[in-house]
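Asks: Listed below, chain by chain, are the residues.
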Amino acid sequence: MAERAFSATRLPGFAMIAVAVFLVLYLPIFTLVIFSFNDANSVAIWGGFSLRWYQIAWANDAVKEAAVRSLIIATSAALIATTVATMAALGTTRRAAFKGQTLIYVIINQPLMVPEIVTAVALLIFFGFIKVTTGYQGLGYLIAAHSAFCVPFAYLPIRARLEGMDLSLETAAADLYATPWQTFRKVTLPILLPGIIAGAMLAFVISLDDVVITEFVKSGGQDTLPTYMLGQIRRAVTPDVNAISTALLVLTVLLLTAFFLLTRRRD
Amino acid sequence: MSKDVAVEVRNAVKAFGQGDSAVRALDDVSVDIRKGEFFTLLGPSGCGKTTLLRLIAGFETPSSGQILLDGKDITRDPPNRRPVNTVFQSYALFPHLTVAQNIGFGLEMQGRPKAEIAAVTANMLALVQLGPMAQRKTSQLSGGQQQRVALARALAPRPKVLLLDEPLSALDLKLRKEMQIELKRLQLETGITFIFVTHDQEEALTMSDRIGVMSAGRIRQIGTPRDIYTRPVNRFVASFIGESNFLSGAVETGGVRLSCGDLVEAAGTEGRSGKVTLAVRPEQVRLTRAGEPGALPATITDWVYFGTDTHCHLALSDGTEVVARLQSPATGDAGLEKGKAVALRFAPGAAQVLGD
Amino acid sequence: MPSNENRQRAASARTGWALSAPALLLLGFAASGPLLIVLVYSFLTPGDYGNVVWKFSLDGWRGILFTRDIFDGTLHLADANLTIFWRSVKLSLLTTAITFAVGFPTAWFIATRPAKSRALWLFLITIPFWTNLLIRTVAINEVIRNEGIINTLLIWTGLITEPLRIIYTDTAVLIGMAYVYLPLMVLPLFAAIDRFDMKLLEAGYDLYASRWQVLRRVILPIVKPGIVAGSILVFVPSLGAYVTPRVLGGGKNMMIGNFIELQFGAGRNWPLGAALSMTLLIIVTVALLFYVRAANRGSPHG
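Chains as they are written, first to last, in the working numbering: chain G, 1 to 267; chain U, 1 to 356; chain D, 1 to 302.
Everything hinted at is true.
Below, simulated DSSO-like cross-link-like pairs (lysine-lysine); rule was C-alpha separation at most 30 Å, straight line:
no.	chain 1	residue 1	chain 2	residue 2
1	U	Lys177	U	Lys160
2	D	Lys199	U	Lys174
3	D	Lys90	D	Lys252
4	U	Lys114	D	Lys199
5	U	Lys137	U	Lys114
6	D	Lys55	G	Lys131
7	U	Lys137	D	Lys199
8	D	Lys199	U	Lys184
9	U	Lys137	D	Lys224
10	D	Lys199	U	Lys177
11	U	Lys35	U	Lys177
12	D	Lys199	U	Lys35
13	D	Lys55	G	Lys218
14	D	Lys252	G	Lys218
15	U	Lys72	D	Lys199
16	D	Lys199	D	Lys224
17	U	Lys174	U	Lys184
18	D	Lys224	U	Lys114
19	U	Lys137	U	Lys184
20	D	Lys90	D	Lys224
21	U	Lys160	D	Lys199
Quick look at which bits of chain U chain D covers, simulated, 3 or more residues with Cβ under 8 Å:
no.	stretch
22	74–86
23	89–96
Don't read these hints as lab results, they were simulated from the structure.
These numbers were taken from a predicted model, which means no experiment stands behind them.
All residues carry an ideal CB built from backbone N, CA and C; glycine is no exception.
Given these sequences and hints, build the entire structure.
Replies: Put into structure tokens, the structure is as follows:
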């Protein structure tokens with residue numbers, strides 16, 4: 001110990017715990033990915049490499065439909081949430097604090113604070129009421145619910161980008177005869193774009209991952225991939241669940257890597 | 001080794017990085033710092049002065065070499081076992097503690113009794129004139145007050161040596177002057193050895209008993225402020241501390257033959273021969289009438305008025321540029337005119353031969 | 001011109017509201033608004049086949065803690081409900097404690113890496129954070145199941161002959177929740193440690209503090225807002241957890257979230273489910289208010 005060079009930031013044992021944490025965090029995920037390529041029927045004994053669980057999953061119409069539904073909902077929700085979040089971010093930053101601004105923050109960030117199960121129950125009651133009254137049973141309910149809880153995830157990166165933006169750029173544009181709309185189109189929006197894309201990607205990922213709210217809001221035959229998986233697990237864990245999980249995981253990691261690179265370049 | 005040495009640094013080397021890309025922040029530095037003295041490490045940023053201070057504090061371990069405190073090898077001791085305290089450049093005051101708690105922190109960590117901690121803290125608060133601020137959080141203090149807390153905190157455990165890492169750099173000019181006097185007073189009152197790091201030559205000259213001038217990881221000269229200023233050993237020291245005229249010439253009997261052909265008296269010619277560089281401070285250059293015997297003929301090329309004095313730029317007969325700093329006269333412009341032929345001479349003993 | 005300035009301010013506020021309106025409408029329709037309906041439903045009478053009858057009743061709220069004896073109509077403490085509440089609170093607190101115990105060293109480790117690799121380590125913590133909670137629950141399930149990796153390995157090596165029964169116990173739920181919520185603890189801790197002035201460590205050691213003293217007397221008090229934030233971020237979703245206890249706890253080891261669902265399914269007691277939801281919401285709100293107060297106290301000078 002005495003021979004070791006002094007370092008003020010080193011705390012004994014911390015690095016070891018941290019490395020163990022990373023291992024424990026990733027080992028189950030890696031196991032899941034590896035066993036999705038397992039030829040055996042077991043999810044614990046290795047029987048050689050195979051893509052058969054992917055084929056089985058893909059041959060299953062229920063899985064295919066759930067995948068398409070998940071993508072439709074996630075794309076719509078990301079688009080809607082990002083649009084309203086961009087507007088809200090423009091409305092709540094870079095102007096003198098106004099009365100009710102805190103209320104707007106609270107409402108926008110509400111999905112981050114209220115337990116999902118509570119929102120899920122609320123939507124079950126409310127949308128159930130509308131379903132009975134109007135007779136409409138379509139995907140609109142899921143899209144509306146997903147759009148709503150994705151708003152804060154889109155709002156936060158856009159707002160961060162706006163707050164880091166130099167106000168004098170817009171003043172300069174106005175000075176150079178740009179109308180407010182031209183200023184927005186030619187100056188604000190292009191600078192804001194990485195934040196908007198980042199926000200949209202997070203919203204997409206969040207929508208794609210949702211289980212609880214979807215489970216409560218969906219009408220019969222409206223399973224998304226996660227709720228389909230939840231139903232499957234209830235019976236028995238089969239390797240095709242691993243295959244679906246791996247596919248979702250890869251999609252998430254790709255989007256997050258893009259998000260990471262996108263937000264890093266601005267620094 | 002002598003009894004009155006507080007800190008002895010022996011052949012300290014500190015390299016950062018490894019292999020070919022390693023940078024030597026300290027390159028074989030040896031220095032003795034005496035008990036009770038105010039010793040300043042002076043140099044430009046990146047010269048290794050802060051690294052040397054951190055080696056003494058224990059925040060870094062030397063790649064090779066030794067640090068001795070009172071003759072005891074402390075090279076490998078962690079900072080919490082060295083009776084040495086630091087005043088940090090950023091003060092590093094604990095934001096969650098009050099002024100009094102900050103000052104008492106070191107004593108508390110040493111496990112001293114509560115009554116002693118309270119008494120020493122009170123003394124320290126009085127010493128730095130912050131009695132009424134005892135219960136404030138440090139973020140509620142001004143920069144100068146934070147500086148005093150940092151000082152009191154480092155002095156409270158009565159360290160054998162106090163290390164000060166550019167402690168005045170964050171203060172404005174007026175406060176800095178006040179704190180310079182304050183620091184000197186505290187050092188005299190406590191009798192503790194101070195090792196002070198700065199890049200500010202004026203700070204170093206006015207406060208120190210001795211100065212070690214550093215550049216590129218080495219100590220270039222150690223001496224009293226007067227030694228350093230009047231007898232710089234090389235071009236770096238002569239130009240980093242104050243301003244200097246540099247004149248090239250060759251050693252001859254009776255002085256140095258300048259490139260313009262004139263012979264001048266110079267200190268430091270012993271043991272030297274051949275080409276040398278002479279340094280002369282601008283305020284030691286005197287102007288006289290042209291043709292004065294023994295003076296160097298020169299032409300005024302420009303002059304700049306600075307208030308208390310006027311800087312006169314001159315060209316010797318071979319074009320070598322010399323600056324003379326003249327006291328401004330009460331009235332008139334002292335007859336300085338561009339293009340006027342004059343002569344100059346150096347004050348006795350002012351010309352110094354530099355080493356390489 | 002103050003009046004002109006006032007007019008400009010009012011216009012700016014109007015624009016602010018107008019731009020925020022679509023988001024507020026969306027959230028009002030599909031998130032905040034329906035919460036009020038839940039409140040109303042908690043005061044109604046359950047219908048025979050689910051849903052409600054529009055008749056005022058406090059039975060929903062009473063049902064949280066009491067059951068009515070079907071013979072003499074007297075009220076008794078509902079032991080089953082209390083067990084579920086106690087399990088939820090206990091498991092949530094334990095989850096918070098475990099994630100802090102391992103999350104703090106992890107956050108410290110990340111924050112003290114050189115700037116270049118730090119972003120990568122942080123990214124490695126973020127990936128699980130954004131990865132489907134169900135997938136992660138499935139992943140941990142496959143590790144601890146009777147036929148899972150751990151048991152298969154232990155039996156294969158001959159250390160045990162019978163599988164360790166972890167799955168469908170409280171321990172399984174605890175392991176699962178600690179696993180899925182760990183990133184929620186690490187990220188705010190990292191943010192707090194990242195803001196921490198590392199020079200204070202040198203100051204601490206310079207003033208004779210040992211490593212333990214530096215940790216306890218300097219680091220922990222200063223990063224306290226991050227500790228509070230991480231604890232709330234883990235505690236709140238743990239308390240409302242639904243997926244993890246459902247997958248790992250089986251049918252019996254319910255938490256509040258599953259108990260709420262039960263009322264809207266087989267239990268056919270919507271008012272009780274609504275009252276339970278409101279209770280959960282109140283607990284979470286109190287926890288969040290506590291957090292806001294602690295966070296404000298942590299940085300009184302901005």
